[in-house]
Amino acid sequence: MVLERVMHVEDDESIRAVAEIALTDVAGFELLSCDSGQRALAQVEAFAPQLILLDVMMPQMDGLQTLAGLRQLPSMAQVPVVFMTAKIQQAEKQQYLDAGAIAVIDKPFDPMLLGDTLHGLYQQYLEQQ
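Residue 1 is where the sequence shown starts when you use full-length UniProt numbering, and the numbers rise one by one after that.
Don't take each hint at face value.
Stated by the list, open to error - Restraint-style ranges between C-beta atoms, simulated for each label pair:
1) Val2 to Pro111: 12 to 22 Å
2) Glu4 to Gln89: 29 to 39 Å
3) Val26 to Pro74: 30 to 40 Å
4) Gln72 to Asp110: 10 to 20 Å
5) Gln78 to His119: 15 to 25 Å
6) Asp35 to Arg5: 15 to 25 Å
Bear in mind the hints are in silico, worked out from the structure with no lab data behind them. Idealized CB from N, CA, C, for every residue including glycine.
Starting from the given sequences, assemble the full structure and let the hints guide the process.
Printed below as a string of structure tokens:
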């Protein structure tokens, strides 16, 4: 199965814009970009992403809270989630993995490689299922 549909949740408009170019123009994904965890939860089921790229640090509802909300939706219980954060201490990275993420990507990220990175993580996820 090929990764085609990605939801990206990021409150920072400039990061969202760079990721949108990286994921649509460079990688060719169909993308739903959300600026908050609340918006992601409201739109995720209609979009039905194959993978969710989720910022950790967001106001009101952070990445871990958003992940918990996603996991309460039956259709999202098994969708792989990749966290993206500038705050990357090993203990925190382990916390995100323990919460159910399949990987953690550092910010800043290379926009030219982001799509390939997500393809690789998605294939690893499928192979482990």
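Quiz item: Using the C-beta atoms of Gln78 and His119, is the stated range 15 to 25 Å upheld?
Solution: Given a distance of about 19 Å, which is inside 15 to 25 Å, the answer is holds.
Quiz item: Honestly, do Gln72 and Asp110 meet the 10 to 20 Å range at C-beta?
Solution: Hint violated: Cβ distance 33 Å, outside 10 to 20 Å.
Quiz item: Falls inside 15 to 25 Å, the C-beta gap from Asp35 to Arg5?
Solution: 19 Å, holds
Practice problem: Could you say whether the range 12 to 22 Å given as a hint is met by the Cβ separation of Val2 and Pro111? | Solution: 21 Å, holds
Self-check item: Satisfaction of the hinted span 29 to 39 Å by the C-beta atoms belonging to Glu4 and Gln89
Solution: Distance hint for Glu4, Gln89 holds at roughly 33 Å.
Exercise. Given the range 30 to 40 Å, decide if the beta-carbon distance of Val26 to Pro74 lies inside it.
Key: About 33 Å separates the Cβ atoms of Val26 and Pro74, which means 30 to 40 Å holds.
Hint 4 from the earlier list is the only one contradicted by this structure; the remaining hints agree with it.
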